[in-house]
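Peer 1: Given next are the chains, with one letter for each unit.
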Amino acid sequence: MSASANSGVAPVRRFSGRSKRVLPGFGLSLGISLFFVSLVLLLPLSGLVVETSGMSWDQFWFTITDPRVVESYKVTLWTAFAASVFNGFFGLLLAWILVRYEFPGKRIVDAFVDLPFALPTAVAGITLATLFAQNGWYGQWLAKLGIEVAFTPLGIVVAMAFTSIPFVVRTVQPVLEELSPADEEAAVSLGASDGRVFRKVIFPSLWPALVTGVALSFTRSLGEFGAIIFIAGNTPYVSEVTSLMVFIRLQEYDYAAASAIASVVLLASLVLLFAINLWQGRYLRRLEGR
Amino acid sequence: MSITIDQISKTFGRFHALRDVALDIPEGKLTALLGPSGSGKTTLLRIIAGLESSDSGRILFGGEDVSNLHVRDRNIGFVFQHYALFRHLTVAENIAFGLESLPRKQRPSKAEIRQRVEKLLEMIQLPQLADRYPAQLSGGQKQRVALARALATQPRILLLDEPFGALDAKVRKDLRRWLRALHDEFHFTSIFVTHDQEEALELSDQVVVMSQGQVEQVNTPTELYAKPESRFVFDFLGHVNVLSGAVKNQKLAQGDAWVSLPGHRSEQEAQLYLRPHEVHLARAPSVHARLPLRIDAVSLIGSEVRIELVPEGWHSEEIWEIGMSHNEFAQQNPSRGELWFAVPDVGHLFSGDNSQPKTVDWQYAEAANACNM
Amino acid sequence: MDTGHRRVGDQPWVRRTLIGIALLVALFMLVIPVVVIFAEAFSAGWSTFAGNVTDEYTVHAIGLTLFVAALTVPLNLVFGTALAWSVTRFRFPGRKLLITLIDIPFAVSPVIAGLLYLLLYGRNGWLGGWLASHDVQLMFSWPGIVMVTVFVTCPFVARELIPLMQQQGSEEEEAGVVLGASGWRIFRKITLPNIKWALIYGVVLTNARAVGEFGAVSVVSGNVRGETNTLPLHVELLYQDYNVVGAFASASLLAAIAMLTLVVKAFVEWRQSRPIVSTPEKEVS
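Chains as they are written, first to last, in my numbering: chain A, 1 to 290; chain B, 1001 to 1373; chain C, 2001 to 2285.
One chain only, chain A, in its complex shape (with noise of 0.2 Å):
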């Protein structure tokens, strides 16, 4: 920049309306966070392409539509879908307690809410593992009703649900605190009931924030292993998850196999990932009214 300043001639622009940085470290930050993408992000998945495109369409096929394989995605889409309904609904219900009442103990559940987040997936699983086993101390309880948990796919639906319910509750909750209090209130004075207001005034308001933490944590639950492995008994064809597929096609040294099963299930990830930020984008910008 100096060196243009001192340049003496004076044509009009010597910046060719490219925009100069007010700000400083531009070529820093951006420099790092490029680097760094490249380097831990997109050098990887790169790795991935090399590996599967070294494969026949035949071998790749034949691969990734073997029955247990197959098997394994249905037990996972269904498993991953049943726990982020469960957490829709219970995740609303939570975030609507910790933003509409007043009760004793309320910052600590707010608190306990990120617990997932914060703690080990392999804790997680051994602890509902431990649970849930048929001596322990809600699977004790179960097995009176018939109810079987532990080793079988709705084990799987637990572990899900617990590693990903605070994506749903932290989704919702900035929403519902935004709800103007003035809305309900015209409503209710115009003599619309509870649950009227609810559907017609608060969820048209409410849903695309629950969509988007109920597609994050379907997600979230597509790609979760540790957790699971402990609890699901990965019997094959039964309560096998495409993640835990995946880690035995490696164990067996099989890299093409682990790498044909791990791009369906990535492309997957990441078609839902980019899907939300759209989706997300957009419901923003009509909110915000850009």
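Among the clues, some could well be false.
Unchecked claim - Label-pair distances were calculated between CB atoms; the ranges are: (1) B:H1082 to C:F2267: 49 to 57 Å; (2) C:E2269 to B:F1012: 31 to 39 Å; (3) B:T1011 to C:R2123: 51 to 59 Å; (4) B:E1269 to A:R196: 53 to 61 Å; (5) C:Q2011 to B:H1016: 52 to 60 Å; (6) C:P2143 to B:E1118: 52 to 60 Å; (7) B:G1013 to C:W2270: 39 to 47 Å; (8) A:V50 to C:F2092: 27 to 35 Å.
To be verified - With a Cα cut of at most 25 Å, we get these calculated SDA-like pairs of lysine to any residue: (9) B:K1105 to C:V2031; (10) A:K144 to C:V2031; (11) B:K1358 to B:V1240; (12) B:K1029 to B:E1185; (13) A:K106 to C:R2016; (14) A:K144 to C:V2035; (15) B:K1029 to B:R1172; (16) B:K1248 to B:E1267; (17) A:K106 to C:W2270; (18) A:K106 to C:S2182; (19) C:K2196 to B:R1087; (20) C:K2196 to A:F26; (21) B:K1251 to B:R1087; (22) A:K106 to C:M2259; (23) B:K1105 to C:S2182; (24) C:K2096 to B:G1013; (25) A:K106 to C:F2267; (26) A:K106 to C:F2038; (27) B:K1119 to B:Q1136; (28) C:K2096 to A:F26; (29) B:K1358 to B:R1265; (30) B:K1173 to B:E1185; (31) A:K144 to C:L2024; (32) A:K144 to C:I2021; (33) B:K1029 to B:W1178; (34) C:K2096 to A:L43; (35) B:K1358 to B:S1299; (36) B:K1251 to B:P1276; (37) B:K1251 to B:I1319; (38) A:K74 to A:L154; (39) C:K2196 to C:Q2137; (40) C:K2096 to A:L154.
Quick caveat, the hints were computed from the structure, so don't treat them as lab data. The structure presented is a predicted model; accordingly, all values stated were derived computationally and were not measured. C-beta: ideal position from N, C-alpha, C; glycine also.
Using the hints provided, position chains B and C relative to the given structure of chain A.
Peer 2: Leaving out everything else, chains B and C in the frame of chain A:
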């Protein structure tokens, strides 16, 4: 230090924020950049400061091209619209920040900095608040601290972005007076941005009226108010009553309303602009104008009574406003719902595409008539 | 018609029912599991717990875990801060894409994260092969563990900072530039105090995830007891050996870190909701 703005243009995406703006800001004067939002005034101020860069054109300080000089090196004081005080630093630390940022060679000693800060605190009349944090100050106090912080490094140019925008009316008036006094004492070159015409006219030595990225008119407040050069400036500076119609037989007419235009030969569409003080009210139409209006509201607050009227039998886009002294009001006692006639004394005629108005003076004509009789 | 309440769900019976159900869910889902961890860890008495924790392999696992975290956290601190600064203080093409990219580790299964690194840096990988010919082995040793941990935890600091810095805007920094401050001075005196608490929480969360990462680490570690076994892997190993009490003893250490993280978060939120008053930690300049 004078500032020259030489053919500055700036676009944001497809939006033309500034189009070939050229302007001279005289040294030691207080200049207002006045315009509605989106007129480009803040963008221009930020380009002068160096917080934004222009697409083309140059900025000169005292004849020296500073277009490629970083903000840091322009030695200006800038007061942000929302003050931008450093929330984690005390008032004293905020004010000292610029001095402590000077290169080691130019930086005054710690004791000297402390002294300078104390002086500035006295200047803004807040010495007792030195150890407070910005969150603990009122809006007016924050504004003063922001000013002191900008002035600490003794810049030769002071730029203020909507300096009184976020304050309530009372504080705003006090601060205006105080800023004017400060300016008169130190005589730096100042530019401030505002959308408030009253503020611009009251405070500045020179007003730059901007609209849609262009300069509409530059003049002293008195001249500007008396001789607006365009419909826009007329509209923007204070209230204006408009009669728009067609000129025929030296008369401007619309519906039941007409005004005589002695000596006006061309016949086309035209608008007559009248300031509230250039019109008076009468029970009957005068020989040179018939403007029937019904009183809609009467506002007694202020040094003058303000009467709002709605056209009767003709049309105006905005409500008419006519001022009257309290004395006159007591005598005539106009009240809501009554039909009155507006009698223009002086008016400004915009005809056709001509952007420059022609002044019409009926008082003078009437006085001449009276002499003749 | 006027039932005396102003907002939806404010009637006492609705409120009590909803709070009741939610608290039950929170109790069974979140609170009791934590209780179980400590109950199991101490189920065979204090001395057994002490014995388990001071076991040679456990101590080594703790050491390795802390070592990994000590390398990961500073790296991600620098990266997260740089990224947040670049995307909140500047506009540039690809900015939105960059913000989305750093979410990838959230969406990618940890096992796949491990696989990605194994493919690239493993003995048969295209970088790993070259490294092996130079006698550098990254996978199945601690560098590999650090690398995948960095991958898994890289969004946390940035994710904490971006919304906050966006909301705070850049006017204060601009004011600093106008006043002639250098970039470093602006960062240290203006930006850093403003983002301090979010930064601390970001670091604590990164640390919690770094010490607790399981899936990705188990792929690249090789699980050699006393060598490449981190604490979560050690928990698994003990659990598979039917040493449940031992597994929970180690797990309780990790749970303690998690609880500490929650405490820090609660404190940070409390700090941020409070305006700056009187004279807190006055810095001598």
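Peer 1: Can the restraint linking K1105 of chain B and V2031 of chain C be considered satisfied, given a maximum Cα separation of 25 Å?
Peer 2: Distance of about 61 Å is beyond 25 Å: violated.
Peer 1: Sort out whether R1265 of chain B lies within 25 Å of K1358 of chain B, counting only the CA atoms.
Peer 2: Holds, because 13 Å separates the two Cα atoms, which is no more than 25 Å.
Peer 1: With a cut-off of 25 Å on the C-alpha distance, tell me whether K1248 of chain B and E1267 of chain B pass.
Peer 2: Holds, at roughly 5 Å.
Peer 1: Could you grab the alpha-carbon distance between K1173 of chain B and E1185 of chain B and see if it respects the 25 Å cut-off?
Peer 2: holds, 19 Å
Peer 1: Assess, step by step, whether the Cα of K74 of chain A is no farther than 25 Å from the Cα of L154 of chain A, and give holds or violated.
Peer 2: holds, 14 Å
Peer 1: Is the straight-line distance between the alpha-carbon of K2196 of chain C and that of Q2137 of chain C 25 Å or less?
Peer 2: Violated, because 38 Å separates the two Cα atoms, which is more than 25 Å.
Peer 1: When you check the alpha-carbon spacing of K2196 of chain C and R1087 of chain B, does it fall within 25 Å?
Peer 2: Holds, because 13 Å separates the two Cα atoms, which is no more than 25 Å.
Peer 1: Mind checking the alpha carbons of K1105 of chain B and S2182 of chain C for me, to see if they're no more than 25 Å apart?
Peer 2: Within the cut-off at roughly 15 Å; holds.
Peer 1: Given the hinted pair K1358 of chain B and V1240 of chain B, is their Cα-Cα distance within 25 Å?
Peer 2: holds, 16 Å
Peer 1: Do the beta carbons of T1011 of chain B and R2123 of chain C sit within 51 to 59 Å of each other?
Peer 2: Since T1011 of chain B and R2123 of chain C have Cβ atoms about 56 Å apart, the given range 51 to 59 Å holds.
Peer 1: What's the verdict on K1119 of chain B and Q1136 of chain B, does the C-alpha distance respect the 25 Å limit or exceed it?
Peer 2: OK: K1119 of chain B and Q1136 of chain B at ~21 Å, within 25 Å.
Peer 1: Mind checking the alpha carbons of K1029 of chain B and E1185 of chain B for me, to see if they're no more than 25 Å apart?
Peer 2: holds, 12 Å
Checked against the numbered hints above, the structure breaks hints 1, 9, 18, 21, 35, 39 and 40 and satisfies the rest.
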